[in-house]
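Participant: Residues per chain are reported as follows:
There are 2 protein chains.
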Amino acid sequence: MRSVTGRNVLIGAVIVSLAFGVVIGRFTGGLGGGGSLASIAESRGMTVAEAEGALKVFTPPGKYDEYVMISSGGQSGNIYLVGVPSMRLLKSIPVFTPESWSGYGQGADWSETILAEGSSDKQARELKWGDTHHPGLSETNGEYDGRFVYINDRANGRIGMVDLRDFKTKQIVDLPNMQTSHGGVFVTPNTEYVHISSMSPMPQTADGYAPLDQYKEKYRGISSWLSIDQESGKIDTTASFQIELPPYTQDLADAGKLASDGFAFIGSYNTEMATGGVSEGGDPIEKGASARDFDYLHIIDWKKAAEVAAAGKTEMRNGMRVISLQTAIDEGLLYLAPEPRSPHGADVSPDGNYIVVGGKLDPNVTIYEIGLIKQAIADKDFEGVDEFGVPILKFSSVVAGQVEVGLGPLHTQFDGKGNGFVSLFLDSAVSKFSLGPKAGIKAGEEFKLLDNVKVNYNIGHLATTEGDTVAADGRYLVALNKWSIDRYPVIGTLKPQNFQLIDLAGPKMQLLADTPVGYGEPHYVQIIKLSRLTSAIDVYQPGTDPLTMAASSVATAAGEERVERDGNTVHVYMTAMRSHFTPDILRVKKGDKVVLHVTSIEQTADATHGFAIPGYNLQASLDPGEVVTLEFVADKAGSFAFYCTEFCSALHLEMQGWLLIEP
Amino acid sequence: MRSVTGRNVLIGAVIVSLAFGVVIGRFTGGLGGGGSLASIAESRGMTVAEAEGALKVFTPPGKYDEYVMISSGGQSGNIYLVGVPSMRLLKSIPVFTPESWSGYGQGADWSETILAEGSSDKQARELKWGDTHHPGLSETNGEYDGRFVYINDRANGRIGMVDLRDFKTKQIVDLPNMQTSHGGVFVTPNTEYVHISSMSPMPQTADGYAPLDQYKEKYRGISSWLSIDQESGKIDTTASFQIELPPYTQDLADAGKLASDGFAFIGSYNTEMATGGVSEGGDPIEKGASARDFDYLHIIDWKKAAEVAAAGKTEMRNGMRVISLQTAIDEGLLYLAPEPRSPHGADVSPDGNYIVVGGKLDPNVTIYEIGLIKQAIADKDFEGVDEFGVPILKFSSVVAGQVEVGLGPLHTQFDGKGNGFVSLFLDSAVSKFSLGPKAGIKAGEEFKLLDNVKVNYNIGHLATTEGDTVAADGRYLVALNKWSIDRYPVIGTLKPQNFQLIDLAGPKMQLLADTPVGYGEPHYVQIIKLSRLTSAIDVYQPGTDPLTMAASSVATAAGEERVERDGNTVHVYMTAMRSHFTPDILRVKKGDKVVLHVTSIEQTADATHGFAIPGYNLQASLDPGEVVTLEFVADKAGSFAFYCTEFCSALHLEMQGWLLIEP
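Protein chains in written order, with my numbering: chain L, 48 to 710; chain D, 48 to 710.
Where chains are identical, the list cannot tell them apart; a pair therefore holds if satisfied intra-copy or between any two copies.
In the DSSO-like style, the derived pairs of lysine-lysine whose C-alpha atoms are separated by at most 30 Å in a straight line are:
hint : residue 1 : residue 2
1    : 683       : 217
2    : 175       : 683
3    : 263       : 683
4    : 640       : 265
5    : 489       : 421
6    : 637       : 175
7    : 263       : 637
8    : 110       : 555
9    : 464       : 485
10   : 441       : 360
11   : 636       : 265
12   : 265       : 637
13   : 175       : 640
14   : 175       : 217
15   : 263       : 636
16   : 334       : 636
17   : 265       : 351
18   : 683       : 265
Worth flagging that the hints you see were computed from the coordinates, not collected in a lab.
Produce the entire structure from the sequences given, and follow the hints as far as they go.
Facilitator: Set out below in structure tokens:
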């Protein structure tokens, strides 16, 4: 203790203790806190950074996360809600694919109606599957308003709408004239339109077929502008229109905002119009589609397009008003700008001035400026036209800057402080870079690489908190990594994806936590402040049909339960209440059609019931106040013990009844 | 600084700092660690307990959880894997319900085969839905061995098997003679048998129908003993047998182990045989089924039953050998013991001596002892027989003790240190209590309530780490709460369930974290040490058929891709490799039958591809080395852009091709 070393330790300890005294003194629980924390972290073999990560992401029991991430589920065809920063999975919302927890597509009328209406003649089947890619939250004045979310089906060229009152899908629209879609979904700043564009071009023929040697003549891309009913959030196809595009592969898209409001930007690749054919002596598509040094950013003046559509300068094509490619050119609402090869993202900065494009085979992000674009359009500063006659703006006239960010840049998000964050697929990293003066960056500091953090592995999209909006706040970033390899134990041949949460609060990005995603491949997410989800309801009004959010005509009140036979059809008006179904014995004959109207007469939040019949593939969720109708032919005789599928009360197991189908 | 207060603060700080010095000195990252932790926790408004919870549950990026929880998904019809203690969702494994991420039930041959074979004539439909309830991991010497997991379908009386090599479902067996199942799943200590019992009794008639006034005569419960092929894990129904039981509602069950090896225990309720009929002047089932003060614990000598079956003392019923109720009585392999009203759990302690039953309308757990049971059987110490002639052991002769634990006791799990943990549905709590001397508890300390912790809310099952086995280690407990109400923000009318992680390391239980479950209602879980999952593989051998785990006869090697037409059937032998399908152009005529054999020729872990065709509802996952066959009739003409649904490489978007269906 008297040695120099000993004294230094003591002095050091006093200094530390003083610093601690201040911190710990304020820390709830008093002086013991910090010590127990360090001790626990040590016992679990954590580094300081890891322990800090733990404390930064953990949301204590009963407390709420500050943000909710709206994540597409990819091939699982749904939406996931994830709390941020805890990264806990709050909910799955089925959209294109049935899901039996919520009863969606498992027999209940309203969900079956949505799925059935979501398949037009364009499809070969009634679709029970979709590949959700890009969620688009509704906006007011360029900020998320927590009313609706739209999401596309990459496989089948469709779009779904989820109502953020009950967080259920209310509509699927199968878009004519386009078959697939990818990243072309966005919502305009006041939800005037939801946009969805085609990915692979589709033959604009009566039967959707054309041989590949007619690719340039018959195949076309489509930009769809879907008009939104502001009350219900539903898409009104009669007020919507499409714009025909060249047969490139249209890709990521974004709406202009503030400085660029009224414009939209759609990246593209395969302007080579390669169609593959490796077994026929052709190049593989991935080679053919990467031949040119430049592809095209599509610039659309959508307010002008809406006027052109309103003026009737459209043709009807499969029930949709279409502005032909020639009209779009003639009316000056479509322009192209060169993008470095195989571009991927096309993201508009919160101030609306910059459009950032990642060229995945180019180490730079290319930053376009709306002022330059508008000026070039006004000046007809074109380098020429493409082979379909669309004017091409001069690259040097519309680009404000480029930043070398690393290998494989894809998507960019923003912090609202003048910075962009770009995902680097090949580098498995995220780079932070500065935008230009119009985003508040000082002269000399613009368009610079600022930071880089490794992610694990093969990042696709990334999202910052409210980073798609004018209110981007730069709090967190989520990296959506496609591979996880060694990040999780070996649990079979199919590996989870890997979400990584990155702290943006400091000058340097800090990786906080990994979250496995083993139930789909989320493609893109948006992150909204929880405080904006003000439309959410806890309980339905008694007797609600979720499809209309109004009173159901077949709602049944307590005491009014009954069975009505009409020939071979048996209508059952049933109620569900802890802990019984009324009636609880149903007697029908084999061959009868049974129409079962079940009303949950609960009004207590979370008093959920379910309804399932063995052997008949039927399962409905009955949220408090909800009415569902299940219809089936009693084509198998037997004594079937129907039951409540949600553990509703102490006597939940006794919440069953008998469906007796007499031979 | 010189004041008394100041000095005390300083002295206190020095003392704390010395204590800290020791702790922090060992804490990786040095002296700053503890301070930064306290500071972060404070800035996020955490209490000390919350911050400690954060550090106890967090699993840092790239590190692995110590345990994997195998969770049923309830109405979602699948299994979830969750890491413990981080509670991160690692994977969803579809069993009874299709799932498109993994391609299961979305068209690929092997999965469609399993689903089709999983529906017998007992069902009214080919089932595409199930309600998973009780997972049962395979065991060797009473310990989990990480080879297989079995899980029942509560709705339809079926059982599925998941292979823990690739973590995929390999078999669904639809059990004859029983319609529904609930908690009657367990694996015997060396996986000799997997047991599943009926829930609602089923008419043992040719068509499965009998009117309710024949309930006592025609309806019967069933205990199924499914023989397991030790190589494949598959159920061999020809070597299996069933035991007929009275028409009670058989419920939770457990296998004996060690002291009780060879016995099985099945709780029951509704020994009143109530059938409801509220609209016909009857009592609701929940009242009728709760009338008697006692129900019956069924005690089965399964080794004797296996001998009886081997001796041919069975009758064939719908293809299954059945030991009739009378034979079971005559052969002395079935006994009853009274259980306090509406019992729920029936759980065997790790040492095998005690069977703990929770009576959900009784505040006690009742603890039976196998030694007493064996003695009572030997002594024919019966209080009589039930109305079907089954001997009833005297309650006082077989019960070692009761502990008053709180309201609504359901299920009990163990720590391997002589203690039980029981879920209390009505109290929303978990109580810890001591077992008796045979579990190592000292005289005077036995059968005592030791601790109680509130959970949020309405707990059903609970699970301790390896708590179902002889190796229960008492590290963690997970509470499976059915309601979450205010624990999460309002995100619509359907609320998540709530998993809560409780630390068992100290003398008192400590709640660590809440995890929302918004994608199903997990019913029961088992928690296995990660180190036991040694069968897991990373990549399939080239050309593997997952159904057989052997080489597929239609596997295609690179360079051998081809299209073979046979009349109207077109066989395509395709390979998938980053970043192309070969062939990438397919030309067929409308009306052709297309049989598409796709082989992933990848051998890199995580190099997953998918395969989807727009409009045709087809989506397969192609794990490295996997072969799948998709079959469809090309009944809609068109140019369809098929594509890879997993983001596999930088040129993933280019991994597409054209299916041209000529009109």
